[in-house]
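Protein chains in written order, with my numbering: chain A, 72 to 247; chain B, 37 to 245.
Please keep in mind that the hints were generated in silico from the structure rather than gathered at the bench. Hints are not guaranteed to be accurate.
[What the hints assert, rightly or not] Below are the DSS-like pairs computed for lysine-lysine, each with C-alpha atoms no more than 25 angstroms apart in a straight line:
id: 1; chain 1: B; residue 1: K170; chain 2: B; residue 2: K41
id: 2; chain 1: B; residue 1: K125; chain 2: B; residue 2: K154
id: 3; chain 1: B; residue 1: K41; chain 2: A; residue 2: K212
id: 4; chain 1: A; residue 1: K182; chain 2: B; residue 2: K136
id: 5; chain 1: A; residue 1: K182; chain 2: B; residue 2: K191
id: 6; chain 1: A; residue 1: K105; chain 2: A; residue 2: K212
id: 7; chain 1: B; residue 1: K154; chain 2: B; residue 2: K134
id: 8; chain 1: B; residue 1: K125; chain 2: B; residue 2: K156
id: 9; chain 1: B; residue 1: K156; chain 2: B; residue 2: K134
id: 10; chain 1: B; residue 1: K126; chain 2: B; residue 2: K154
id: 11; chain 1: B; residue 1: K191; chain 2: A; residue 2: K179
id: 12; chain 1: B; residue 1: K136; chain 2: B; residue 2: K125
id: 13; chain 1: B; residue 1: K154; chain 2: B; residue 2: K136
id: 14; chain 1: B; residue 1: K156; chain 2: B; residue 2: K126
id: 15; chain 1: B; residue 1: K170; chain 2: A; residue 2: K179
id: 16; chain 1: B; residue 1: K73; chain 2: B; residue 2: K191
id: 17; chain 1: B; residue 1: K170; chain 2: A; residue 2: K182
id: 18; chain 1: A; residue 1: K212; chain 2: A; residue 2: K182
id: 19; chain 1: A; residue 1: K179; chain 2: A; residue 2: K105
id: 20; chain 1: B; residue 1: K41; chain 2: B; residue 2: K191
id: 21; chain 1: A; residue 1: K179; chain 2: B; residue 2: K41
[Claimed, not checked] Computed footprint of chain B on chain A, listed as stretches where at least three residues anywhere in the stretch have a Cβ under 8 angstroms from a Cβ of chain B:
id: 22; segment: 76 to 83
id: 23; segment: 109 to 118
id: 24; segment: 123 to 133
id: 25; segment: 196 to 209
id: 26; segment: 221 to 230
Just so it is clear, the structure is predicted and the values come from calculations on it, not from any experiment. All C-beta atoms in this analysis are idealised placements derived from N, C-alpha and C, irrespective of residue type, glycine included.
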Amino acid sequence: MNLSELLEQKIFLGQEFLTWLWFLLETDGGAEVKDLGWVELTLGERLVLGPAMGADGSRVTVSGAEGSLAEAREALRQGKLVEALRVGLEIHGEEYALNLEAAELTVKSLKLPTTAAPSEDPDGLEGLVLERVALLENTLKAAEGLFSLFLTQRLDPIEGPELRKAMGQWAAQEGA
Amino acid sequence: MGLLKGRATITRYTVSGEPPAGFWDFIDRRVKAHAFKDIESSTEELSVGWCAINDYFDTEFAFMAYAMEPYVLLGLRVDQRRVPATLLKKYHRLEMDKAKSYLDEGRNLGRVRREELKDKARLGLLARIPPETKLYEMVWDTARGELWLGAATRKVMDLFEEHFVASFGLELTPRLPFLVARDLVAGSQLAPALEEARPWGPLAWEQGA
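Input sequences plus hints: build the corresponding full structure.
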């Protein structure tokens, strides 16, 4: 099997990861991430659900408002998985928000904690650039750290089936 | 949306391949050789090249200001002229009317001539339309071989990947979920499980799964 076929076959990992992220933020509220400590998670204003890989069906896009969230949960009960979501992260007391999409896990529309205004002074600019790069690093570390946690459970022969069962029970809850 | 200002969008790549000895000299030579070239006073439709990350007019790279070890921070400047289809249609028609006025009555322009006149109209418009400028930011962590591009559309990614490879002769691989997963579990007992993993499918709780 060549790499592009393999990538096509494993595309479900992104969808399952984002669904797990929603599960995690509703059950534990966050997770301990390598190098960052506790990362608090909140659901943002956008949630897109679509059919699981290999299944037919339409997409459901909802905003984070109470009524719409019920629609998202209904879609989850019907077997759809998360294709994209906006998630808030609190790292070391600072707030980040980003959109993640299942297909490529590309970070989009990332809102970072505020840094000082850009400076004309080259030395000042270097400091600001590096500060901004450090914040971007934090975000990517958090996203990758969470993905790693998911994989550790998902691929474990004992924890994997337990996780699937727990997520099934969570998804079945009415308006949880 | 970029990397250093406002809301950020990040496409991640792994950079692989062996850069030659004297890495920073190599980078400086290649950046300058593939710097952005202005097309303002020409009829070129597209120009793609490196510029300073915070100023697309800066293509001199004084004091290697783009190098903040281990990072290389550059802008990819893309200038493009676009001829609106409606304008092309109008000026093509004007060219054809002019050419027809030299023909005997009842004669029409042939297909080849009509195409030539379309090209002429297009070139005339390209000379009058200024290019639109866009800047896409790049942060390359040369120590870890990881690179971020401040864009996520396929078209920009293609332009970027092509220019990066032409500039540095190094390979770029997008960090797609499965490839990231493979890196994360490499060498652990989970590695074979990843290769064999199949989709959960719908969580199927209603069927009691």
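Here is what the structure says about each hint:
no.: 1; hint: K170/B - K41/B; result: holds, 14 angstroms
no.: 2; hint: K125/B - K154/B; result: holds, 8 angstroms
no.: 3; hint: K41/B - K212/A; result: holds, 20 angstroms
no.: 4; hint: K182/A - K136/B; result: violated, 59 angstroms
no.: 5; hint: K182/A - K191/B; result: holds, 24 angstroms
no.: 6; hint: K105/A - K212/A; result: holds, 8 angstroms
no.: 7; hint: K154/B - K134/B; result: holds, 13 angstroms
no.: 8; hint: K125/B - K156/B; result: holds, 12 angstroms
no.: 9; hint: K156/B - K134/B; result: holds, 12 angstroms
no.: 10; hint: K126/B - K154/B; result: holds, 10 angstroms
no.: 11; hint: K191/B - K179/A; result: holds, 16 angstroms
no.: 12; hint: K136/B - K125/B; result: holds, 16 angstroms
no.: 13; hint: K154/B - K136/B; result: holds, 14 angstroms
no.: 14; hint: K156/B - K126/B; result: holds, 12 angstroms
no.: 15; hint: K170/B - K179/A; result: holds, 18 angstroms
no.: 16; hint: K73/B - K191/B; result: holds, 20 angstroms
no.: 17; hint: K170/B - K182/A; result: holds, 21 angstroms
no.: 18; hint: K212/A - K182/A; result: holds, 15 angstroms
no.: 19; hint: K179/A - K105/A; result: holds, 22 angstroms
no.: 20; hint: K41/B - K191/B; result: holds, 22 angstroms
no.: 21; hint: K179/A - K41/B; result: holds, 13 angstroms
no.: 22; hint: 76 to 83; result: holds (count 5)
no.: 23; hint: 109 to 118; result: violated (count 0)
no.: 24; hint: 123 to 133; result: holds (count 4)
no.: 25; hint: 196 to 209; result: holds (count 7)
no.: 26; hint: 221 to 230; result: holds (count 6)
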